[in-house]
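Undergrad: Protein sequence lines, in the order shown, are assigned to chains A and B.
Residues in the first sequence are numbered from 1 upward in steps of one, following the UniProt record's numbering.
Residues in the second sequence are numbered from 1 upward in steps of one, following the UniProt record's numbering.
Hints listed in this document are in silico derivations from the structure and should not be mistaken for laboratory results.
Heads up, some of the hints might be wrong.
Copies of the same chain look alike in the list, so a pair counts if it fits in one copy or across any two.
[Claimed, not checked] DMTMM-like mimics (lysine to aspartate or glutamate), calculated; alpha carbons at most 25 Å apart, straight line: (1) K277 to D368; (2) K277 to E36; (3) K22 to D56; (4) K277 to D157; (5) K22 to E336.
Everything numeric in this text was worked out from a predicted model, so none of it was measured.
There are 2 protein chains.
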Amino acid sequence: MLPGVGVFGTGSTARVLVPLLKAEGFEVHALWGRSEEEACCLAKELGIPFHTSQSDDVLLHQDVDLVCIYIPPSMTRQIAVKALGIGKNVVCEKAATAVDSFKMVTAARYYPQLLSIMGNTLRFLPAFVAMRQLLVEGYVGELQVCDVRVYGPSLLDQSYGWTCEELMGGGGLHTVGSAIIDLLSYLTGARAQRVHGLLRTFVQQNSLIRGIRRVTSDDFCFFQMLMGGTGSGGVCCTVTLNFNMPGSFVHEVMVVGSTGRLVARGTELYGQRNGSKGEELLLGDSGWVGPEVKEMPLPHLRGLSSMVKALRQSFQAHEERRSWARGPVAMAPTFEDGLYVQTVVEAVKRSSCSGEWECVEIMSQEPDPNHNLCEALQRNKN
Amino acid sequence: MLPGVGVFGTGSTARVLVPLLKAEGFEVHALWGRSEEEACCLAKELGIPFHTSQSDDVLLHQDVDLVCIYIPPSMTRQIAVKALGIGKNVVCEKAATAVDSFKMVTAARYYPQLLSIMGNTLRFLPAFVAMRQLLVEGYVGELQVCDVRVYGPSLLDQSYGWTCEELMGGGGLHTVGSAIIDLLSYLTGARAQRVHGLLRTFVQQNSLIRGIRRVTSDDFCFFQMLMGGTGSGGVCCTVTLNFNMPGSFVHEVMVVGSTGRLVARGTELYGQRNGSKGEELLLGDSGWVGPEVKEMPLPHLRGLSSMVKALRQSFQAHEERRSWARGPVAMAPTFEDGLYVQTVVEAVKRSSCSGEWECVEIMSQEPDPNHNLCEALQRNKN
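Sequences are here, hints too, so could you generate the full structure?
TA: Written as structure tokens, this is what we have:
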């Protein structure tokens with residue numbers, strides 16, 4: 001039996017997610033928005049019976065068994081941890097910091113019977129599922145290089161907000177790069193051990209963000225990851241993100257190995273084995289019939305759709321509303337994966353400041369908050 | 001009046017160059033090859049009346065006024081410097097080291113009346129000539145990012161030789177990267193101040209190179225350049241070279257600015273201004289009618305062809321065989337440009353070892369040879 005759903009957020013992802021959930025048979029009972037007005041407006045539009053700006057009203061709602069959290073990163077940890085504490089299953093977007101991610105991991109470990117997955121969606125995209133399968137089957141031979149490019153228009157909101165602020169989790173690296181970092185660890189079966197990167201904010205002001213306000217989040221980022229783990233000691237990943245390209249959207253993930261290569265362009269998968277004359281189309285795009293969203297690139301949209309399908313399969317296997325089967329969502333990123341991704345993001349940011357390769361060291365215990373305070377003071381001083 | 005030409009080299013470039021020279025009306029009088037046999041064979045094939053394996057026989061040949069040097073990098077400096085000393089005009093490929101490049105600069109400065117240009121050919125490609133013009137005219141607004149990708153099959157020769165040896169000037173960075181480094185300084189009007197890079201040799205042995213022999217030259221290279229100079233303080237260049245991709249050839253140079261972007265794919269130029277719906281074709285490829293060469297990518301082939309045309313224009317302006325006009329070859333890279341490129345190549349290699357950003361410092365005086373010896377000994381010890 002499918003669980004009742006409560007959705008946090010009124011942004012473009014939440015707006016797409018609700019119809020996708022409904023299409024799979026989920027009932028969305030409650031919507032939370034930062035303001036009463038935003039919540040009311042979107043609830044009406046999407047036909048959700050209850051809306052609020054009080055998070056507890058959704059978390060404690062008796063018909064809500066699954067909470068989907070698509071809100072600004074800085075607010076995610078609080079809601080996610082609380083939801084688990086109340087006994088709700090959680091799908092959520094990334095948090096703003098590694099410390100927040102670590103707190104989410106702690107909560108998820110404490111409630112292993114509850115579903116807790118990152119709403120990071122590229123893993124579910126059929127092209128990447130197929131790419132991973134082909135990598136395992138040895139299509140490219142020994143994996144050498146992953147090369148990712150995402151180009152698109154500005155990620156900034158119309159008005160000044162968290163998307164403009166690096167410390168609030170804005171910027172291409174945090175928003176899009178984190179999905180790529182997760183994807184690459186999924187595809188390679190390995191994790192970054194050392195990273196190097198460079199971030200830039202080319203557009204610091206625009207017609208809407210001006211005066212004393214400045215954008216601090218990156219609109220250009222490239223980084224390299226040297227992957228570790230069994231059999232992948234030598235894999236180099238290079239990622240280029242450029243969000244100063246209005247009117248275009250390029251999403252290309254290429255993996256090159258000793259005997260061939262695979263490349264996902266948008267939602268399609270191509271491959272070429274060494275010695276063959278040209279590329280072969282391995283997985284076409286059968287055409288998207290769901291909602292079109294200007295702000296959301298097709299790979300993310302399709303991935304989200306596939307994830308909702310997996311959620312349906314996971315829950316419908318059981319009679320009880322809150323029970324779920326691990327199988328269909330086994331490939332989803334866990335909160336542990338979320339912590340890894342956040343750790344890489346922060347290492348890339350450190351590297352951009354230091355100019356050096358930075359090690360990716362996953363937090364194993366929560367840092368002393370006083371130590372954090374000292375660091376924050378230190379940072380302000382500089 | 002066109003000068004008589006002597007060609008050094010029997011490789012794929014020399015093989016293409018001779019017909020291109022002849023097509024423009026140059027007479028090729030002499031060919032040098034490393035062995036008598038190689039020289040004889042190619043001279044017969046291309047209809048060159050004189051061949052030799054003694055460099056002086058070409059340099060002192062009375063009908064030779066222009067010397068084209070397309071030989072392994074480690075031999076280039078010696079021939080180029082000697083040719084200038086004998087009073088011949090010189091077009092040549094890159095040398096193996098910055099010290100060699102510096103010696104060539106010294107010779108070129110000593111004989112300013114002689115033509116001395118690097119046979120680096122991408123600057124002459126019509127797509128890049130047009131790209132530079134559009135950059136100057138402000139098509140992309142304020143330049144932010146240059147992003148270059150070159151993918152192709154292995155650069156190794158069939159048999160073991162200099163192409164396998166990093167210290168002999170082999171590898172993707174030295175062979176192809178140097179043409180890109182030169183091109184980017186031409187396009188941006190600026191020079192790299194700091195670079196960061198990563199080199200890999202994924203294929204260290206193959207069916208032809210095995211046993212105790214190993215390839216030391218890179219087949220994968222990723223580097224970034226932060227450009228300096230007036231008005232380009234913030235330009236980031238990223239370059240990805242991958243020569244583990246048999247059966248494909250990708251040559252893409254993209255420049256992104258505040259109001260638009262330009263991208264050269266192969267020999268064609270596309271552009272898109274922010275706000276416009278799609279890319280426009282700015283310069284198509286009218287179809288290549290010259291010789292097809294498997295080892296030589298079309299952009300290099302076309303660039304070489306355009307350079308030969310420019311050489312013809314430069315020389316035919318004058319009555320005297322050895323005189324030339326600066327105008328038509330003004331855009332060609334000088335030996336000073338060659339030194340800059342070599343300096344960047346070496347800085348990228350240093351960065352790949354150190355893991356740090358390396359400064360690009362152009363040599364201003366020849367280093368003490370004893371100091372070099374010490375370094376070489378030091379290197380051997382490690």
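Undergrad: Does each hint hold? Answer for all of them.
TA: Here's how the hints hold up against the structure:
no., hint, result
1, K277 to D368, "neither (58 Å within a copy, 52 Å between copies)"
2, K277 to E36, "neither (60 Å within a copy, 37 Å between copies)"
3, K22 to D56, "within (23 Å within a copy, 83 Å between copies)"
4, K277 to D157, "between (45 Å within a copy, 21 Å between copies)"
5, K22 to E336, "neither (29 Å within a copy, 67 Å between copies)"
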